[in-house]
Amino acid sequence: AQSVSQHNHHVILSEAASLELGCNYSYGGTVNLFWYVQYPGQHLQLLLKYFSGDPLVKGIKGFEAEFIKSKFSFNLRKPSVQWSDTAEYFCAVYNTNAGKSTFGDGTTLTVKP
Amino acid sequence: DAGITQSPRHKVTETGTPVTLRCHQTENHRYMYWYRQDPGHGLRLIHYSYGVKDTDKGEVSDGYSVSRSKTEDFLLTLESATSSQTSVYFCAISDSRAYNSPLHFGNGTRLTVT
Numbered sequence: 001a002q003s004v005s006q007h008n009h010h011v012i013l014s015e016a017a018s019l020e021l022g023c024n025y026s027y028g029g030t031v032n033l034f035w036y037v038q039y040p041g042q043h044l045q046l047l048l049k050y051f052s053g054d055p056l057v058k059g060i061k062g063f064e065a066e067f068i069k070s071k072f073s074f075n076l077r078k079p080s081v082q083w084s085d086t087a088e089y090f091c092a093v094y095n096t097n098a099g100k101s102t103f104g105d106g107t108t109l110t111v112k113p
Numbered sequence: 001d002a003g004i005t006q007s008p009r010h011k012v013t014e015t016g017t018p019v020t021l022r023c024h025q026t027e028n029h030r031y032m033y034w035y036r037q038d039p040g041h042g043l044r045l046i047h048y049s050y051g052v053k054d055t056d057k058g059e060v061s062d063g064y065s066v067s068r069s070k071t072e073d074f075l076l077t078l079e080s081a082t083s084s085q086t087s088v089y090f091c092a093i094s095d096s097r098a099y100n101s102p103l104h105f106g107n108g109t110r111l112t113v114t
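Protein chains in written order, with this note's numbering: chain A, 1 to 113; chain B, 1 to 114.
Hints were generated in silico from the structure; no laboratory data involved. Check the hints yourself; a few may be wrong.
Stated by the list, open to error - Now the stretches of chain A that chain B is said to cover, found in silico as 3 or more residues with beta-carbon under 8 Å:
1. 13-23
2. 100-109
As the list claims (entries may be wrong) - Derived DSS-like pairs: lysine-lysine, alpha-carbon spacing no greater than 30 Å straight-line:
3. A:Lys69 x B:Lys70
4. A:Lys69 x A:Lys49
5. B:Lys11 x B:Lys57
6. A:Lys100 x A:Lys69
7. B:Lys11 x A:Lys71
8. A:Lys78 x A:Lys58
9. A:Lys58 x A:Lys112
10. A:Lys61 x A:Lys71
11. A:Lys71 x A:Lys58
12. A:Lys71 x B:Lys70
13. B:Lys11 x A:Lys49
14. A:Lys100 x B:Lys57
15. A:Lys49 x A:Lys61
16. A:Lys69 x A:Lys112
17. A:Lys112 x A:Lys49
Every residue gets a Cβ at the ideal spot worked out from N, C-alpha and C, and that includes glycine.
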């Protein structure tokens, strides 16, 4: 069974600091990778996605993620965070054979103004 | 935002009672999912549907059943609610099994079992 591991449960940063959230998955087959964001009191929204091609993908609001196949990783980055980035971030792996997504436990990001 | 409506938004119920949560979509998407979200556990798949009357179990399906009699509606039933089923429940839809179809989520139902 596939699994997704997010290393950081809670990250606290000051505005303008750089962000990197780790995500590793365990599945040897073809996967499609996603990062979702959940702002306080809201539902999950897609941040960015990777299917193939350039392993560095750019998403909304200045976020980007790099797929490193050899490390089974898909880390999320942002050069300079803002207070409005305070949210919970979920990494997800979509198994094309099973037709299901597996989510990591989530990382709560708190950005101090 | 995708047209997904979950009802009710909040519910408090007693242990042992049956509860049904509804997910309604206006996108005509084939795939529908029920997840539960709990602190420290992220989102866990309960059941999903890949078409009318076609459903399958997820990783935490015990104590839950689902039905999909129409494309637009996906019902989740807790047959006899327990306190361990206190959670936030999210419905999600996706267009197809194609790799380029992310999940679109509803606003969630907060269920408390006392």
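Each hint, compared with the structure:
1. 13-23: violated (count 0)
2. 100-109: Holds: 7 residues of the region 100-109 of chain A have a Cβ under 8 Å from chain B.
3. A:Lys69 x B:Lys70: 40 Å, violated
4. A:Lys69 x A:Lys49: 15 Å, holds
5. B:Lys11 x B:Lys57: With Cα atoms ~24 Å apart, Lys11 of chain B and Lys57 of chain B stay inside 30 Å; holds.
6. A:Lys100 x A:Lys69: Holds, at about 20 Å.
7. B:Lys11 x A:Lys71: Answer violated: Lys11 of chain B to Lys71 of chain A is near 43 Å, above 30 Å.
8. A:Lys78 x A:Lys58: Holds, at roughly 10 Å.
9. A:Lys58 x A:Lys112: 24 Å, holds
10. A:Lys61 x A:Lys71: Holds, at about 26 Å.
11. A:Lys71 x A:Lys58: Distance of about 20 Å is within 30 Å: holds.
12. A:Lys71 x B:Lys70: 42 Å, violated
13. B:Lys11 x A:Lys49: 34 Å, violated
14. A:Lys100 x B:Lys57: 11 Å, holds
15. A:Lys49 x A:Lys61: Satisfied, since the Cα-Cα distance of roughly 14 Å is no more than 30 Å.
16. A:Lys69 x A:Lys112: 33 Å, violated
17. A:Lys112 x A:Lys49: 27 Å, holds
Going down the numbered hints, you'll see the structure goes against 1, 3, 7, 12, 13, 16, while the others check out.
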